[in-house]
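Below are the chains, spelled out letter by letter.
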Amino acid sequence: MRVAKAVPQASWGLAAAANLILGGLGASLHLCALVAGAGRPDLPVAPALALAGFIIQGLETGRPRQGYLVLSRLTSGSWMSREAVLGGSFVIFGALDWLFGHPLLTLASAVSATGYLAAQGAMVAAARGVPSWNRNRVPLLLGSLSFMGGSGLLLLLKRTPSDQLYAPAILSLVVLAVDALLNLRSDSDGLGRRARALAFALAVHAIPAALILAGLAGGGRMLEGAAGLLMIGAGAWIKLRFIRKGMLRPLVLTTVETPGGRGTLPGGGAR
Amino acid sequence: MARWAMVIDLERCMGCKSCPVSCGQGNAVPPSSRRRVVDCGVFERAGRQRLFVPVHCNHCSDPPCLEVCPTGATWQRADGIVVIDQKRCIGCGYCVVACPYQARTLLACEYHLPFGPGNGSGRSAKGGICTKCSFCLERVDSGLARGLRPGRDEEATPFCVVHCTGGALHFGDIEDENSEVSRLVRENRTAVLQQELGTGPAVHYLVPSWWEDVLESALEEVAQE
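Protein sequence lines correspond, in order, to chains A and B. The working numbering puts the first residue of the first sequence at 1, with every later residue one more than the last. The working numbering puts the first residue of the second sequence at 1, with every later residue one more than the last.
These are calculated hints, taken from the structure and not from any lab test. It cannot be assumed that every hint is accurate.
Stated by the list, open to error - Partial list, computed: chain A residues near chain B (C-beta under 8 Å):
(1) Ile56
(2) Gly67
(3) Arg73
Claimed, not checked - With the Cβ distance kept under 10 Å, some of the chain A side facing chain B (calculated, not the full set):
(4) Arg2
(5) Val3
(6) Ala36
(7) Gly37
(8) Val70
(9) Leu71
(10) Met80
(11) Arg82
(12) Glu83
(13) Ala110
(14) Met123
(15) Val124
(16) Trp133
(17) Asn134
(18) Val252
If you're wondering where the values come from, they're calculated on a predicted model, not measured in any experiment. Just so you know, even glycine gets a beta-carbon here, dropped at the ideal spot from N, CA and C.
Start from the sequences and build out the full structure, keeping to the hints where you can.
And the structure:
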């Protein structure tokens, strides 16, 4: 029997969402640039974004000066510890890669960026108190959203035209479209809600995809820029809503079944 | 080794909220930050009985909050009590979203002005970090050190149990077959919260005699919705 309704979670707010948005944007921008062969960045935008995410997150925690303690549980299983260490590594290696451009530093920054993205998703998915987060496909969803934003940012920042730049953008849009369809299928709260979800899915997936395709067909820099902005905005907005609209699990009281049936021994109440 | 547990008799609980109040007073935390009483309303089919369910940390055998804590501030003692180390907690809120029992609260930062009346300087000891029920472990430990028996001797028993006006709360070692909590669980129909998650809660509820009517009322409400 349900004794308490689901209530909105209040402990992770704007700052936590900003950490996920900025960190994901930075790490995926770095990876997208590497995958698309866009070369070494002119500015350390990617690690700076991740660092900004951590700083904002630090402002939300109650005791930020004791933040170093997150390093103490790296091996014993907290995804927040892993996220902090991998994200910190990405900030350091990403900045060093921008400064020196050594292949080993590029490799280290790519590995840490990948781990950071995975840890972000796993961290959210490990929260068992929020059913909408505590699902297997949440890391994939958050990772895809990060890649959507990162590839959008790359479209905005790119210096030279390259068809390869579109690959990560299109891939992330396809993954997100599949996820949106799965959500749509499981959403049984009524036609109005479904219609809104469908309209939203079209807006954030189909429009950028169309803009990218138009850009591929020689539509010009303006179309690519518009697609990039839309992808960054949509990715950030979905993440923000995903975190802020999380509901704590309703409390359900269930009788413990015993071999005797009703759970009462013969002869028995205690009262 | 003891395994401390709480048994809550739902037929006796009358929703007076003396448990969150005494908890807040005794532990110097805001009332309802560590425990609260959920009012489930009046059930027509059960003769207009009103059901109250006290809710707090379940001190699970497999606590979801423990595995997510990034600093090791949340840990579990050998006797099953899940503890927050105030010196290590950074107030990140991860345990709050990981707890399936809505049992943890982040306390707001409270700064005491150095020149304020009766205060030292800096932040209060509990501000900005997480809090939850600890089964009043200080009372349990000091009581045991003095040879008292938690659950039977008041000085070694959690505040909420001592001050429960309806006598609905019981505390003791569930591993001890002769303890009151052990006997209550053995001889009565019990329920637990979030059973499907398999966390092994140490808080057991004795369901009231009119429980079947409550369930039917709840089903009717769901059908009407």
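Against the structure, the hints come out as follows:
1. Ile56: Check failed: Cβ of A:Ile56 comes no nearer than 13 Å to chain B, outside 8 Å.
2. Gly67: holds, 6 Å
3. Arg73: holds, 5 Å
4. Arg2: Holds: closest Cβ of chain B sits about 7 Å from A:Arg2, inside 10 Å.
5. Val3: holds, 5 Å
6. Ala36: violated, 34 Å
7. Gly37: violated, 36 Å
8. Val70: holds, 4 Å
9. Leu71: holds, 9 Å
10. Met80: holds, 4 Å
11. Arg82: Holds. Min distance 9 Å.
12. Glu83: holds, 9 Å
13. Ala110: violated, 25 Å
14. Met123: For A:Met123, the interface hint holds, since the closest Cβ of chain B sits about 8 Å away, which is under 10 Å.
15. Val124: Holds. Min distance 9 Å.
16. Trp133: It holds, given that the least Cβ distance between A:Trp133 and chain B is near 7 Å, below 10 Å.
17. Asn134: holds, 9 Å
18. Val252: holds, 6 Å
When held up to the earlier numbered hints, the structure conflicts with 1, 6, 7 and 13 and fits the remainder.
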